[in-house]
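Student: Sequence:
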Amino acid sequence: MWGVGCIFFEMASGRPLFPGSTVEDELHLIFRLLGTPSQETWPGISSNDEFKNYNFPKYKPQPLINHAPRLDSEGIELITKFLQYESKKRVSAEEAMKHVYFRSLGPRIHALSESVSIFSLKEIQLQKDPGFRNSSYPETGHGKNRRQSMLF
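Numbering follows the UniProt record's numbering, in which position 19 of the sequence shown is assigned residue number 19; successive positions increment by one, without gaps.
Some hints here could point you the wrong way.
Calculated lysine to any residue pairs in the SDA-like style (CA-CA distance at most 20 Å, straight line) [stated by the list, open to error]:
| no. | residue 1 | residue 2 |
| --- | --- | --- |
| 1 | Lys98 | His67 |
| 2 | Lys81 | Arg108 |
| 3 | Lys122 | Pro107 |
| 4 | Lys60 | Ala12 |
| 5 | Lys122 | Gly106 |
| 6 | Lys98 | Arg108 |
| 7 | Lys98 | Gly5 |
| 8 | Lys88 | Ile45 |
| 9 | Lys81 | Thr41 |
| 10 | Lys89 | Arg15 |
| 11 | Lys81 | Pro43 |
| 12 | Lys81 | Ala12 |
| 13 | Lys81 | Leu34 |
| 14 | Lys88 | Trp2 |
| 15 | Lys89 | Leu64 |
| 16 | Lys98 | Lys60 |
| 17 | Lys88 | Ala12 |
| 18 | Lys81 | Trp2 |
| 19 | Lys60 | Ser92 |
| 20 | Lys98 | Ile118 |
| 21 | Lys60 | Ser38 |
| 22 | Lys58 | Gln84 |
Source of the hints: derived by calculation from the structure; they are not laboratory data.
Use the sequences and the hints to build the structure in full.
Tutor: Okay, here's the thing in structure tokens:
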């Protein structure tokens, strides 16, 4: 479910949540946003030799709304439930589907078979991001627009 949270963030923001280039870099990005894990947030982590060997700084958690301003409070609540360090504290797929964030999609979405697209429902439509402006994206050498990603 951690990966679902990362994809959910990327769909809402248009950029990867933790675009690290190495394991250590990725962990720094995670800890800078969610706070360095402690015994309270991840029981047993302080006795994990690999974690201790990295000797990470003690980062404090940052408000997720600062990194995903397109999400409303219900979306922030859901992504927070996905991104729990301790796996047994993360929301399950079934619980996530019932989360209030998805209520606006209507009840018919839950009756779809797994092979049917949600876009087959007339009440579900993609909308262009009103904040998108072609001129804000630099041209690449191939003449195509390229998405720029920066987390911090």
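Student: Quickly compare the C-alpha distance for Lys60 and Ala12 to 20 Å and report which way the hint goes.
Tutor: Given that 20 Å is the threshold and the Cα spacing comes to 24 Å, the pair is violated.
Student: Quick one, are Lys81 and Pro43 close enough, alpha carbons at most 20 Å?
Tutor: holds, 17 Å
Student: With the threshold set at 20 Å, check whether the alpha-carbon distance from Lys81 to Ala12 stays at or below it.
Tutor: holds, 16 Å
Student: Between the alpha carbons of Lys98 and Lys60, is the straight-line distance 20 Å or under?
Tutor: Since the Cα atoms of Lys98 and Lys60 sit roughly 30 Å apart, the hinted pair is violated (cutoff 20 Å).
Student: Given the hinted pair Lys60 and Ser38, is their Cα-Cα distance within 20 Å?
Tutor: Answer holds: Lys60 to Ser38 is near 11 Å, not above 20 Å.
Student: Is Lys122 close enough to Pro107, meaning Cα to Cα at most 20 Å?
Tutor: Roughly 13 Å separates the two Cα atoms, so the pair holds.
Student: With the threshold set at 20 Å, check whether the alpha-carbon distance from Lys88 to Trp2 stays at or below it.
Tutor: Holds - the C-alpha atoms of Trp2 and Lys88 are around 11 Å apart, at most 20 Å.
Student: Is the hinted pair Lys98 and Arg108 satisfied, with a Cα-Cα distance of at most 20 Å?
Tutor: Given that 20 Å is the threshold and the Cα spacing comes to 13 Å, the pair holds.
Student: Sort out whether Thr41 lies within 20 Å of Lys81, counting only the CA atoms.
Tutor: holds, 13 Å
Student: With a cut-off of 20 Å on the C-alpha distance, tell me whether Lys81 and Arg108 pass.
Tutor: Violated, at roughly 24 Å.
Student: With the threshold set at 20 Å, check whether the alpha-carbon distance from Lys122 to Gly106 stays at or below it.
Tutor: holds, 11 Å
Student: Please work out if Lys60 and Ser92 have their alpha carbons no farther apart than 20 Å.
Tutor: violated, 26 Å
Consistency note: the structure conflicts with the earlier hints numbered 1, 2, 4, 10, 16, 17, 19.
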